[in-house]
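Peer 1: Residues per chain are reported as follows:
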Amino acid sequence: MSTATRSRTARPPRRAIRRGAALFAALALFAAACSSDGDDGAEPAGGGGGTSGEGSGSEGTTDMSGADFSLFGAPTGVEGEAMQGFLSVYNDETGANIVYEGSDSFEEQLRIRVDGGNSPSVAFTPQPASICDFANAGQLASLEDMGFDIPTMEENHGKFWMDLGVCADGNHYGIPWFPNYKSIVWYRTSLFEDRGYEIPETYDDLVALSQQMVADGVTPWCFGFGSEAASGWPATDWVEDIVVRSAGTDVYTQWFRHEIPFNDPQIADAVNRFGEIFFGDGFVLGGTENVAAIDFREAPLPLFNEEGGCAMHKQGSFIANFFPPGEEDEVSFFDFPSIDGNNAAMGGGDTLMVFDATPEAVQAVKDWITPDWECVLASPSGGSASELGGHGVEGVERLPGHKDVPLDCYESETARNQAEAVRDAIADNTFVFDASDLMPPAVGQGTFWTAMLDWSRGAQTDQVLTSVESSWPQP
Amino acid sequence: MSNQLLQVIIALVVGVGGIWLLYWGADRLVNMLPLRAATALRPWVFVGPALLLLTVYLVYPAINTIVLSFRDRRGQGWVGFDNYVDIFSDENGRLAIRNSIAWVVVVPVLAVAIGLAFAVLADKLGRRTEAAAKSVIFLPMAISFVGASIVWRFIYNFRPEGFGEQTGLLNAIWQGLGNNPVAWLLSEPWNNLYLMVIMIWLYTGFAMVVLSSAIKSLPGEVLEAARVDGATEWQMFWRIVLPMISSTVMVVLTTILIIVWKVFDIVFVMTGGEFGTTIVAERMITEFFTFRNQGRGAAFAVLLFVAVLPFMTLNIRRFRAQEEMR
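Chains as they are written, first to last, in this note's numbering: chain X, 1 to 475; chain D, 1 to 326.
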C-alpha cells in the first residue's frame, strides 16, 4: 500500500449531516425499520455522454450543474489539498459541485460508510483488492454498465491494472486513475558525486556498493517501517521488487493469487536477498532492531543530513512529498536494479470505484481519467501542456495513469523522469501492482506486515513466511 | 445548504411534534378505558416505545452478532465453533486474550488505587487547593482515547541515532539520566504496560471524583468517634473509610473494568496491535473491518460480551443493594 495510514479524521461529511437529520426523524417517529440499504447504485447510466468512449479528452455533453456529490479518498494533508485543488478547477470548468473528502483511515471509514448505507458516490482506493469485495456485494456500478470502452481502456491504462478490477461476474469495476512508482531508490546526489559512486545496474552491484560505502565510513541505508496501524508495509515493497525480478512476473502473479504457497523457496530466496542488504554489517542507520519504530515519513530525512545521515533510501515516488521543503534537489533517484538480468516496474495506484452511477458521476469519472484532466492533477501548474492549469498545491505531483499524458505536464525533473518510466511501462503493460495490495487483506494488510516486522527484529525467514502461509484465508 | 437546513428543521418539527402527538394521543386513548384497566396499561404505553427501541437497537444486534459468530468470513455459511477454535488455536488470538486480561487487571486496580489516594489526600487540603488539584487530575477525562494516544505518542516518541534529536519526553528524561534512548513501544512485553499507562492516566480522574464524593458523604460522627478513640490517620483509612466506601470502590472498579475490555483505540493508534500488544477489542475491529472476516470479528465481539457480562451483572447487583440500603 502507499500512503494509507490510519488515525481518525474528525470532519463530518455533509451527507452525514443530512442523513443524521433523516435518522433523527426516523427515530422520533419510531419508524423502527429506519435503515435504508444505502445507495445500491448500479443504475446503468444511459446518458453517460462520453463521445468516443474515454480517452477522447472531450468535456462530454452531460450537464454537470447537477453533479453534487462527494469523492472519497485516502490522501490528506498537502496531497488532500491537491485533490481539492484539482476538483475546484474541475468544478469551475464544468459547473459541477463535487466535494473531496480525505481520510487517514480511508479503508476502515469506507467500509463503515458503505456498510452503514452512507456510501460516497465515487471513491478511489489504494487497495485494488477491496474493489471486488464491494462489487461482489452489488455495491458498485460496472464499467460495462456505465458505458466505458474496455479495449480502449486496456490500451490506455494497461491491461494489468484493468484486470485488477475484474470481479466474480467477469465485469470490470475498477477505473485506473493515478499510479505510484515504487521501484525507486533515492540517493544523496552530492555524496555519490564526491566519492565517485556509480549508479548500480544490478542488485549484486547494489550490495557491493553498500559494502564499499561502509568501508568508506558512510552508512548506506535508511529504513523506516513504522506507519501506525499499517506498520510493516515498506518492508513488503522490498520483497515484492525482488520477487518480481528474481522469480519473474509469472511467479509474482502466482504468489499474490496463492497458486504457490507463501513460503515457497523462491519467496524465501527473495526475502533472504533482501537480508543481504537489510542485515548487512553496518548497512542500516540506527540499527535494524529500531527500524520498526521509525515512521516511514521520517525515514528519508537523514538523506538530507550533511554528516551522520545515510546515502540511500528505497521508497515510492510519493515520498518526495515528505522531503524537507526546498531541499528536494539534494537527492535524486535511480530505478531499482535488475536481478539476474530481469527488470520490472512495481508500483501502486489509486483506482476509482463508482458507488452511485448518476450520469454526472459517470461523466466526471470519464473526464478525470483523460490525459487533459490527468495533466491538471499532475502538477501545481499543469506544466506547459495543460490548458486548464494545475491543482495549485506546491510540491505535489502525480504520475500519469494514462499512457498519453504529456511529460510537459510536470514541473520537476524528478517527476518527469518517473512519469516517463511509468508511462512507458503502462504502454508496454509491464507495470505491475504492489502484491500486498492484491493479497487478501488478512495477509496483505495483516500477517505479511507482521511477518516483515518480526523478521526485521530477528525472526527467521522460514518461520515468518510459514506463519503467513498458515494465515492465508481458506477460500 | 439552505435545502439541508430546511430538512433539519422539518425533521426536528416532525420528530418532536410527532413524539408529543404520539404520547398525547396514547394517553387520551388510555383515558377512555375504565379506570382500573387504564392504570394497569398506562405504564406500558409510556415505556413501550423505549422498550421497542431497545429491542431493535440493542437486543436484535446482540443476537445477530452471536449468530454471525457461527458463520464464515462472509457471514453466509455455517461453520459451527470454527471461529472460536481459530481464536484459541491462533497464537495471535491467544496473545490478544492474555493481553486483554492483563489490561483488565492492571488498569482498573491502578486507576482506582491512584484515584483513591488522590481523593483521600485531596480531602486534607483546603477547599480551593482541593478543587484545583482535582480539576487537574480530572482533566484527561475530557480527552478522547485517540486524542490521548496522540499526546502519548509524543511522550513515547523515539528516534534512533542519525534520525535527529529525540522529541519524545520520556526519552529526553531517560537520556538526561545518562541512558541511551529506548524504543519504548517496541520493548516487549513492557510496551503493554506503557499503553496501559495511557488508560490509567485517563481514568484516574474519574475514580478520584467518584470516590472523593463518597468519602465526603461519610457521616462525621463516625470519623470523630474514631479520632476520639485515638485512631491514627492510617488506621482510620483502612478500618473506617475504606470499608465504608467499599461498595463505591467496587462500582468504580467494575465500571472501569468494563470500559477497559472494550477499549481498542489506544492500541490501534499507538502500535496497530503489532509488537505483541494486540488485545481482543482491537482484534475484533481488525478482523471485522480490515480483514473483512465477519465471522471471526463477531466471535471476538461475543468473547468481549461474555467477558463483560459478569461484571455488568455484578455492577447492577451492587447498585441495587446500595439503593435498598438507602
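There may be inaccurate statements among the hints.
If we take Cβ atoms under 7 Å as the criterion, some of the chain X residues that face chain D in the derived model are [unchecked claim]: (1) A229; (2) E387; (3) G389; (4) A442; (5) L453.
Covered by chain X, according to a simulated footprint, are these stretches of chain D (three or more residues, beta-carbon under 8 Å) [to be verified]: (6) 105–115; (7) 177–186; (8) 245–256; (9) 309–319.
Please keep in mind that the hints were generated in silico from the structure rather than gathered at the bench.
Heads up, the beta-carbon is just placed ideally off N, CA and C, and yes, glycines get one too.
Peer 1: Which hints, by number, does the structure contradict?
Peer 2: 2, 3, 6, 8, 9
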